[in-house]
Amino acid sequence: MGKTGLMRLAATALAAFTIGATAAYADDDMNDPYRAPALSALAGKKIAYLPISIGFDLAQAWGGVVKTEAERYGMSFSSQDPNWNTDAMAQGMTALIAEHPDVIVTQNPDMQSLARLLKQANAEGIVVVQLNMQGAVQTDAFVGPDFIAMGEQAANMMLAKCGSETQTSHKVAIVQGVLTGGVSYYQVQGMMKVFNEHPEIQIVSSQAADWDASKARAITETALQQHPDLCGVIDVWDGQGIGTGAAIKQAGKQGQVYFITSGGGAQSMCDGLLDGTYSATINYNAPGMGRDAWTAITTALQNNQGAGVIKTQIYSPTRVMTKDDVQAGTCWDPQQYAKILR
Amino acid sequence: MNARKLFRYLNQEKIVFLLTVLLFVAFSLTLNNFLDGNNILSLIRSVAVLGILGLGMLIVVLGRGIDLSLVATMAISIAWSMQLIHEGMPVYAALTTGLLFALGVALFTGILVAYAEIPPLFATLAMATFVYGFGRAHLIVGTDVLYMPKTMGWIVMLGQGKLFGVPMPIVVAAAMALIVFLFLKFTKVGNFVYAIGDNLAASRIGGIAVRPMLVLQYVLSGGIAFVAGIITATSVEAMNTRIVNSNMIYDVILVVVLGGVGLSGGRGNVRNVIVGTLLIGVLMNGMTIMDIQYTVQNVIKSLILLLAIVVDSIVNPRDEQTGQQGDI
Numbered sequence: 004m005g006k007t008g009l010m011r012l013a014a015t016a017l018a019a020f021t022i023g024a025t026a027a028y029a030d031d032d033m034n035d036p037y038r039a040p041a042l043s044a045l046a047g048k049k050i051a052y053l054p055i056s057i058g059f060d061l062a063q064a065w066g067g068v069v070k071t072e073a074e075r076y077g078m079s080f081s082s083q084d085p086n087w088n089t090d091a092m093a094q095g096m097t098a099l100i101a102e103h104p105d106v107i108v109t110q111n112p113d114m115q116s117l118a119r120l121l122k123q124a125n126a127e128g129i130v131v132v133q134l135n136m137q138g139a140v141q142t143d144a145f146v147g148p149d150f151i152a153m154g155e156q157a158a159n160m161m162l163a164k165c166g167s168e169t170q171t172s173h174k175v176a177i178v179q180g181v182l183t184g185g186v187s188y189y190q191v192q193g194m195m196k197v198f199n200e201h202p203e204i205q206i207v208s209s210q211a212a213d214w215d216a217s218k219a220r221a222i223t224e225t226a227l228q229q230h231p232d233l234c235g236v237i238d239v240w241d242g243q244g245i246g247t248g249a250a251i252k253q254a255g256k257q258g259q260v261y262f263i264t265s266g267g268g269a270q271s272m273c274d275g276l277l278d279g280t281y282s283a284t285i286n287y288n289a290p291g292m293g294r295d296a297w298t299a300i301t302t303a304l305q306n307n308q309g310a311g312v313i314k315t316q317i318y319s320p321t322r323v324m325t326k327d328d329v330q331a332g333t334c335w336d337p338q339q340y341a342k343i344l345r
Numbered sequence: 014m015n016a017r018k019l020f021r022y023l024n025q026e027k028i029v030f031l032l033t034v035l036l037f038v039a040f041s042l043t044l045n046n047f048l049d050g051n052n053i054l055s056l057i058r059s060v061a062v063l064g065i066l067g068l069g070m071l072i073v074v075l076g077r078g079i080d081l082s083l084v085a086t087m088a089i090s091i092a093w094s095m096q097l098i099h100e101g102m103p104v105y106a107a108l109t110t111g112l113l114f115a116l117g118v119a120l121f122t123g124i125l126v127a128y129a130e131i132p133p134l135f136a137t138l139a140m141a142t143f144v145y146g147f148g149r150a151h152l153i154v155g156t157d158v159l160y161m162p163k164t165m166g167w168i169v170m171l172g173q174g175k176l177f178g179v180p181m182p183i184v185v186a187a188a189m190a191l192i193v194f195l196f197l198k199f200t201k202v203g204n205f206v207y208a209i210g211d212n213l214a215a216s217r218i219g220g221i222a223v224r225p226m227l228v229l230q231y232v233l234s235g236g237i238a239f240v241a242g243i244i245t246a247t248s249v250e251a252m253n254t255r256i257v258n259s260n261m262i263y264d265v266i267l268v269v270v271l272g273g274v275g276l277s278g279g280r281g282n283v284r285n286v287i288v289g290t291l292l293i294g295v296l297m298n299g300m301t302i303m304d305i306q307y308t309v310q311n312v313i314k315s316l317i318l319l320l321a322i323v324v325d326s327i328v329n330p331r332d333e334q335t336g337q338q339g340d341i
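First to last, the protein sequences are chains H and U. Just so we're aligned: the first sequence equals residues 4 to 345 in our numbering. Just so we're aligned: the second sequence equals residues 14 to 341 in our numbering.
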């Protein structure tokens with residue numbers, strides 16, 4: 004090694020030392036002072052997830068998103084599946100309160116069943132996040148669409164297609180879910196608020212299909228028989244609306260009957276828009292709701308105010324979609340989230 | 014025919030048929046478009062699946078059994094088939110797999126009833142829970158609603174097509190009814206079903222292989238459940254496995270019992286099921302046209318059932334001769 008080589012080596016060493024020293028210095032200087040307390044507020048906390056069922060696309064997306072984030076921040080995540088059984092769910096909730104996790108993320112089956120238990124959970128210091136349907140009690144956060152506003156929105160969209168300014172029969176049919184379920188009840192309430200101001204709109208049928216596509220198909224088929232000049236149909240959920248859409252298609256009325264429905268934006272929604280089963284949908288983006296739930300959890304755990312002190316309604320943003328909005332990746336794949344939860 | 018004779022002449026089937034005719038006339042007079050040909054077709058179509066399941070139930074009930082796992086078998090077998098198609102299995106292979114699953118489940122139920130001698134009520138109740146639980150845990154692992162694959166080909170026509178203007182579900186239901194009728198009426202095995210239901214011990218002494226016969230009844234009803242599944246899935250373009258939690262199985266029992274099939278076995282035929290199914294069809298269709306809510310429809314439906322049973326028990330009082338052991 005010549006003199007030049009030695010010098011070069013020294014220069015390199017010096018450079019390396021300088022960079023290293025700077026890096027070490029930066030480590031001290033640039034440390035985010037807020038990160039450590041935030042992380043420690045989350046680390047080791049327990050999240051329990053108890054929707055009315057884990058078998059449907061919405062609950063899979065919510066749980067999938069929350070679980071992924073929970074694990075990222077060193078929290079434990081457990082889930083239970085009451086499989087649409089309200090009694091089993093109430094029992095599960097009672098057991099959960101005894102277990103005392105830090106956070107309970109739940110979805111009410113109706114307004115009343117869990118109200119007392121959720122209040123109790125809050126009183127015992129458990130943060131409670133309610134998804135999609137607000138029970139009769141307000142807890143740390145409610146995450147879900149503003150169903151009344153959504154009903155109004157659907158009704159207004161229908162007015163544009165079947166209202167007084169159109170050359171149609173102005174006949175509209177509504178397919179409800181279950182009569183007592185808030186998701187259905189509030190949407191219909193919103194719709195009727197709009198339709199009552201528009202007497203030209205004639206509601207020819209408004210029946211509950213029990214969240215069952217087969218019943219929705221039969222009801223809509225009969226409505227179409229009775230009113231061959233039907234202008235539009237609104238169904239309160241796309242999972243049930245697949246049957247409503249099938250009835251419209253099988254009656255050869257696709258194109259004549261404008262069909263609006265709403266849902267969480269799973270792949271089946273995009274497929275339905277593409278093949279004409281749905282004319283337009285209001286998409287409340289279930290993974291987005293999962294993110295909102297996660298935000299609510301991190302907020303509640305970091306604000307140190309205790310469970311149930313700060314109460315927030317977090318209404319989900321919605322997006323109206325038609326066939327033209329559908330591209331690859333517009334909708335999400337429930338299987339992907341189901342896998343995360345499994 | 015004097016009043017007393019007329020009274021004797023009436024049995025539950027005729028009472029229900031009369032009730033159906035009365036309702037039909039009442040609806041025709043009061044509801045617009047009720048008599049419309051298309052409405053009659055949609056009326057029958059809406060109960061076609063119920064009728065098909067009723068045929069499966071009939072075969073089992075005639076042999077003094079009951080099959081509470083029909084709806085679970087229907088939902089899980091066809092949903093699994095569609096899931097396999099989604100995963101890339103060829104359509105026919107997937108449907109065959111689903112059919113074999115339905116038959117296998119039914120075979121197992123039959124063995125439980127015939128050889129382990131577990132009462133059918135408990136055996137099939139347990140199997141319904143097992144099939145649904147196993148299906149949801151290991152077969153249909155994603156969403157509990159399976160959407161119909163676009164690649165099903167001509168099979169879609171079974172749910173959506175028409176033959177001479179008649180929707181295919183009605184055609185399939187009619188064909189199934191004819192097959193079951195011919196089977197029960199004209200085959201030796203069909204007659205054995207009645208014999209076993211009427212008197213199991215005597216049938217055994219008479220040389221009928223009672224246990225294999227019982228197994229066969231459940232296997233047939235499992236196969237019928239799969240056909241009903243195909244019709245449901247293709248006409249709605251989805252199979253909602255949650256239907257297992259609904260009261261559909263009671264509707265199936267309803268159409269069978271309503272038509273006058275005796276739960277004590279040995280009494281009844283395909284005609285009874287058709288009459289029971291038609292009453293429910295007329296009732297549901299009329300109430301839907303009248304825009305009566307689904308919950309109220311259930312109440313009315315059950316009141317009609319009660320009425321039919323009460324009238325039957327007045328007209329045909331039970332005594333030692335008609336009352337059988339095993340009456341539920």
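There could be a bad hint or two in this list.
To be verified - The following label-pair restraints were derived from C-beta to C-beta distances: (1) U:His151 - H:Ser43: 32 to 42 Å; (2) U:Phe199 - H:Val323: 53 to 63 Å; (3) H:Ala93 - U:Phe177: 50 to 60 Å; (4) H:Thr315 - U:Leu42: 54 to 64 Å; (5) H:Gln192 - U:Ile305: 16 to 26 Å.
Note that these hints are calculated values from the structure, not bench results. By construction, the Cβ of each residue, glycine as well, lies at the ideal position given by its N, Cα and C atoms.
Hints versus structure:
1. U:His151 - H:Ser43: 32 to 42 Å: holds, 40 Å
2. U:Phe199 - H:Val323: 53 to 63 Å: holds, 60 Å
3. H:Ala93 - U:Phe177: 50 to 60 Å: holds, 53 Å
4. H:Thr315 - U:Leu42: 54 to 64 Å: With Cβ atoms ~57 Å apart, the hint holds.
5. H:Gln192 - U:Ile305: 16 to 26 Å: Holds: the Cβ-Cβ distance is about 20 Å, inside 16 to 26 Å.
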